[in-house]
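S.K.: Numbering-wise, my numbering puts 45 at position 36 of the sequence shown, and it's gapless, one number per residue.
No wet-lab data here; the hints were simulated from the structure. Every value quoted in this text rests on a predicted model; they were computed, and no experiment measured them. In this text, a Cβ means the ideal position worked out from N, Cα and C, and glycines have one as well. Just so you know, not all the hints are guaranteed correct.
[Said to hold, decoys possible] Straight-line alpha carbon distances no greater than 27 Å define the calculated DSSO-like cross-link-like pairs of lysine-lysine that follow:
no.	residue 1	residue 2
1	K62	K74
2	K60	K13
3	K62	K81
4	K29	K81
5	K74	K60
6	K13	K74
7	K29	K62
8	K13	K62
9	K60	K29
10	K117	K62
11	K62	K84
12	K84	K13
13	K74	K117
14	K117	K93
15	K84	K74
16	K29	K84
17	K29	K93
[Claimed, not checked] Okay, the calculated beta carbon distance ranges per label pair:
no.	residue 1	residue 2	range
18	K93	K29	24 to 30 Å
19	Q80	L35	34 to 40 Å
20	E114	A67	40 to 46 Å
21	F88	P11	39 to 45 Å
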Amino acid sequence: MPNKVVLAFSGGLDTSYCTKYLENELSLEVHAVLVNTGGFSSSELENIEEKAKNLGVASFIALNKVEEYYQKVIKYLIFGNVLKNNTYPLSVSAERTVQAVAIAEYAKRLGAGYIAH
10 MPNKVVLAFS GGLDTSYCTK YLENELSLEV HAVLVNTGGF SSSELENIEE
60 KAKNLGVASF IALNKVEEYY QKVIKYLIFG NVLKNNTYPL SVSAERTVQA
110 VAIAEYAKRL GAGYIAH
């Protein structure tokens with residue numbers, strides 16, 4: 010089984026800890042991935058990539074899924090006026106599906122044996 014793990018990486022405390030744990034405790038080769046669905050500026054993406062590299066990941070990639078997220082999810086939420094608790098768009102939980110599929114597809118292309126988040 011490949012010793013590669015794809016880690017959904019935000020650059021926060023939890024995923025930073027996971028990076029070192031997966032590498033040091035489980036002897037896995039960590040490949041960090043961030044799925045951008047439109048919530049990051051270019052400078053934020055650069056900072057997250059720098060943090061991942063400083064933590065020693067084997068690779069980092071930011072997958073741009075902005076257009077896909079809009080076409081497959083957001084436009085339908087807008088058309089349907091889909092609101093959570095009749096207050097705000099139900100976009101966060103729908104976003105997770107786009108992220109999960111993108112990460113799984115990337116892990117498959119990379120030949121990773123594991124996915125972590």
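S.K.: Now tell me if each hint is right for this structure.
M.R.: Outcome of the hint check:
no.	hint	verdict
1	K62 with K74	22 Å, holds
2	K60 with K13	19 Å, holds
3	K62 with K81	32 Å, violated
4	K29 with K81	35 Å, violated
5	K74 with K60	21 Å, holds
6	K13 with K74	23 Å, holds
7	K29 with K62	12 Å, holds
8	K13 with K62	16 Å, holds
9	K60 with K29	12 Å, holds
10	K117 with K62	22 Å, holds
11	K62 with K84	35 Å, violated
12	K84 with K13	36 Å, violated
13	K74 with K117	17 Å, holds
14	K117 with K93	33 Å, violated
15	K84 with K74	14 Å, holds
16	K29 with K84	38 Å, violated
17	K29 with K93	37 Å, violated
18	K93 with K29: 24 to 30 Å	35 Å, violated
19	Q80 with L35: 34 to 40 Å	37 Å, holds
20	E114 with A67: 40 to 46 Å	18 Å, violated
21	F88 with P11: 39 to 45 Å	42 Å, holds
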